[in-house]
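Using the sequences provided together with the hints, build the complete structure.
2 protein chains.
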Amino acid sequence: MMKTNKRDRILLAHGGGGQLTYEFIRRQILPRFKNDTLAKLGDSAELNLDSKSVCFTTDSYVVKPLFFNGGDIGKLAVCGTVNDLAVAGSRPVALSLSLIIEEGFELELLEKILDSISRAAKENNVDIVAGDTKTVEAGAAEKIFINTAGVGVKLPGVDLGVEKIAAGDKIIISGTIGDHGLTIISQREDIKFQSKLRSDCAGLAGLTCKLLENVSGVKFMRDPTRGGLAAALNEISRASELSIEINEPDIPIRPIVQAAADMLGFDVLTIANEGKFIAIVSPQSAKKCLKICKNHPLGKDASIIGEVVETRDVPVVELITRIGGRRIVQMPYGRELPRIC
Amino acid sequence: MMKTNKRDRILLAHGGGGQLTYEFIRRQILPRFKNDTLAKLGDSAELNLDSKSVCFTTDSYVVKPLFFNGGDIGKLAVCGTVNDLAVAGSRPVALSLSLIIEEGFELELLEKILDSISRAAKENNVDIVAGDTKTVEAGAAEKIFINTAGVGVKLPGVDLGVEKIAAGDKIIISGTIGDHGLTIISQREDIKFQSKLRSDCAGLAGLTCKLLENVSGVKFMRDPTRGGLAAALNEISRASELSIEINEPDIPIRPIVQAAADMLGFDVLTIANEGKFIAIVSPQSAKKCLKICKNHPLGKDASIIGEVVETRDVPVVELITRIGGRRIVQMPYGRELPRIC
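Protein sequences appear in the order of chains A and B.
If you read the first sequence in the numbering used here, its first letter stands for residue 393, the second for the next number, and so on.
If you read the second sequence in the numbering used here, its first letter stands for residue 393, the second for the next number, and so on.
No lab work stands behind these hints: they were computed from the structure.
For each residue, glycine too, the CB sits at the ideal point set by N, CA and C.
Be careful, since some hints might not be right.
[What the hints assert, rightly or not] Short derived list, chain A residues pointing at chain B, Cβ under 10 angstroms:
| id | residue |
| --- | --- |
| 1 | Leu412 |
| 2 | Lys432 |
| 3 | Asp435 |
| 4 | Glu438 |
| 5 | Cys447 |
| 6 | Val454 |
| 7 | Asn475 |
| 8 | Val528 |
| 9 | Asn539 |
| 10 | Leu729 |
[Stated by the list, open to error] Straight-line alpha carbon distances no greater than 30 angstroms define the calculated DSS-like cross-link-like pairs of lysine-lysine that follow:
| id | chain 1 | residue 1 | chain 2 | residue 2 |
| --- | --- | --- | --- | --- |
| 11 | A | Lys535 | B | Lys456 |
| 12 | A | Lys456 | B | Lys456 |
| 13 | A | Lys556 | A | Lys683 |
[Said to hold, decoys possible] Selected chain B positions facing chain A (in silico; Cβ < 10 angstroms):
| id | residue |
| --- | --- |
| 14 | Ser445 |
| 15 | Asp524 |
| 16 | Glu529 |
| 17 | Arg614 |
| 18 | Asp615 |
| 19 | Asn639 |
| 20 | Arg719 |
| 21 | Ile720 |
| 22 | Met723 |
So, in structure tokens, the structure goes:
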């Protein structure tokens with residue numbers, strides 16, 4: 393790779409499809425994401441999969457700031473899409489990577505992001521096999537937006553679905569909640585203790601595959617990103633037409649996260665996570681699931697936080713508070729936290 | 393669908409992952425892209441494919457203006473990704489759709505774009521199976537950017553690759569060149585005869601599948617988008633290490649396109665197309681390929697424009713002009729045409 397000058401910047405021509413795009417791909421993309429499929433630079437990547445049952449997902453990432461404690465937009469773009477494949481019961485295989493870059497964006501920052509993507513892809517055992525780079529004029533986008541799409545192979549014998557959920561099933565969260573969202577917000581707001589907050593941004597496929605390969609009682613999984621635990625549980629409740637009860641003392645929250653949320657006036661239940669999953673599991677398998685989680689570095693704070701119950705009137709999510717009270721956990725409206733991922 | 397008020401606009405909360413996102417998906421997305429896979433609204437879409445050999449691709453679309461003669465950003469986002477799958481020798485099956493929308497964007501325009509995506513997906517026999525909606529503050533993006541990724545199933549027995557190309561192979565273009573790029577540019581520049589220019593934006597999989605299923609001599613295909621015919625042929629020449637000769641009189645160009653290019657100072661060979669492919673075919677199969685193209689509405693202006701020749705010194709693309717002269721067709725630098733797709 394040629395050395396980058398601190399003052400090198402992205403030009404519109406980098407996205408023009410001509411010589412400069414060609415050089416950009418050869419200098420910046422290929423050396424970082426070396427694999428036989430990508431190296432062919434075809435219009436599409438050719439994949440030879442283990443199965444005809446595949447999972448397919450996409451997400452765009454517009455997080456602000458681009459770099460934050462515990463991650464950056466690049467790591468997020470890999471882990472977020474890996475996690476969507478993981479919680480669907482698949483083993484992530486390949487990702488696409490599409491960049492929309494503002495003219496004038498510092499090449500040095502782009503290189504940091506690409507390095508981070510490369511590292512995260514390696515850690516998560518996925519290849520970046522297809523890509524696209526578009527440039528827009530200064531002012532037409534803010535720095536950089538990244539889209540990843542992903543393909544995973546369904547794990548044999550695994551078939552998750554909300555329709556499998558029944559009253560009595562236990563709800564497991566794989567670790568502490570609110571870390572990602574509060575890290576982003578506090579870095580944006582520049583609050584005092586921001587350096588102690590750290591995003592949980594991580595790829596979960598290693599843990600979810602282990603869980604699904606070793607326990608048969610997992611019925612459904614979801615990663616509580618935008619909208620947090622509150623949105624994810626409400627979606628599960630609506631889709632399954634069953635109610636959910638969660639116990640406040642069992643929900644793992646770091647004290648610093650709780651303090652930041654209290655200070656900024658947020659409900660941690662509605663805050664985005666980027667390295668956690670919710671699993672709905674049969675009561676018989678709950679302990680085994682918890683044990684597997686706790687033995688994994690990304691699941692060491694896992695907890696059984698509640699259970700699925702019959703719906704009385706309409707399906708609701710209820711929180712049983714520390715003092716034994718009950719409150720409805722509502723679907724967040726969605727106004728609070730733009731550009732969290 | 394609820395009736396949209398002319399003054400309804402996209403709010404940041406539409407991308408927040410809460411109630412408003414949920415309603416947006418239920419009102420705007422699901423009714424338009426109805427299919428069983430999408431309806432599950434899982435973190436990933438589950439696909440049961442016909443084969444383990446799949447093609448996977450992605451593109452982001454940042455075209456400006458959003459609406460142009462012959463298409464719009466939505467149609468482009470479907471056709472562009474369909475075409476990348478098509479020229480790789482696959483039958484497109486499923487697309488993902490990811491929107492990055494500027495706060496304040498008119499809901500009415502978004503609905504027009506979503507309708508167009510829905511129509512294009514139906515015409516191209518692909519399902520939109522996965523999606524994502526992100527919103528950014530006013531000024532942080534220009535109106536809307538769209539990413540689509542696509543999955544296609546390799547056609548049985550078809551194996552395209554630059555390494556199969558040999559001297560003597562014929563080069564077919566499926567129709568007139570330059571229509572898309574010059575339409576966009578002339579609408580941006582607001583030139584007089586813009587209304588007579590029309591983008592060729594179209595999905596090519598119907599034609600490419602027909603070709604590949606009926607002729608065995610197709611060796612490689614590419615769609616000459618950004619950088620036009622000049623970039624695509626230069627890429628093929630570099631990758632195959634063979635030279636290419638094309639004959640100026642055989643290259644189909646609409647007179648109005650040539651006139652616009654002359655007026656604006658562009659070389660039509662470098663202008664983007666969005667509904668054309670280049671096929672490199674064995675000399676024996678060239679006539680049959682041409683016939684199949686000409687019998688299809690999207691290939692009626694197809695033409696054999698030249699052939700692959702041995703490299704003398706370095707691989708080059710040469711144009712044999714109308715008067716028998718020769719000039720090197722260079723890889724465009726990439727500076728001319730931002731936001732063409």
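Taking the hints in turn, this is what the structure says about them:
| no. | hint | verdict |
| --- | --- | --- |
| 1 | Leu412 | 4 angstroms, holds |
| 2 | Lys432 | 8 angstroms, holds |
| 3 | Asp435 | 4 angstroms, holds |
| 4 | Glu438 | 6 angstroms, holds |
| 5 | Cys447 | 4 angstroms, holds |
| 6 | Val454 | 5 angstroms, holds |
| 7 | Asn475 | 8 angstroms, holds |
| 8 | Val528 | 5 angstroms, holds |
| 9 | Asn539 | 4 angstroms, holds |
| 10 | Leu729 | 7 angstroms, holds |
| 11 | A:Lys535 to B:Lys456 | 18 angstroms, holds |
| 12 | A:Lys456 to B:Lys456 | 25 angstroms, holds |
| 13 | A:Lys556 to A:Lys683 | 22 angstroms, holds |
| 14 | Ser445 | 6 angstroms, holds |
| 15 | Asp524 | 5 angstroms, holds |
| 16 | Glu529 | 7 angstroms, holds |
| 17 | Arg614 | 6 angstroms, holds |
| 18 | Asp615 | 6 angstroms, holds |
| 19 | Asn639 | 23 angstroms, violated |
| 20 | Arg719 | 17 angstroms, violated |
| 21 | Ile720 | 13 angstroms, violated |
| 22 | Met723 | 5 angstroms, holds |
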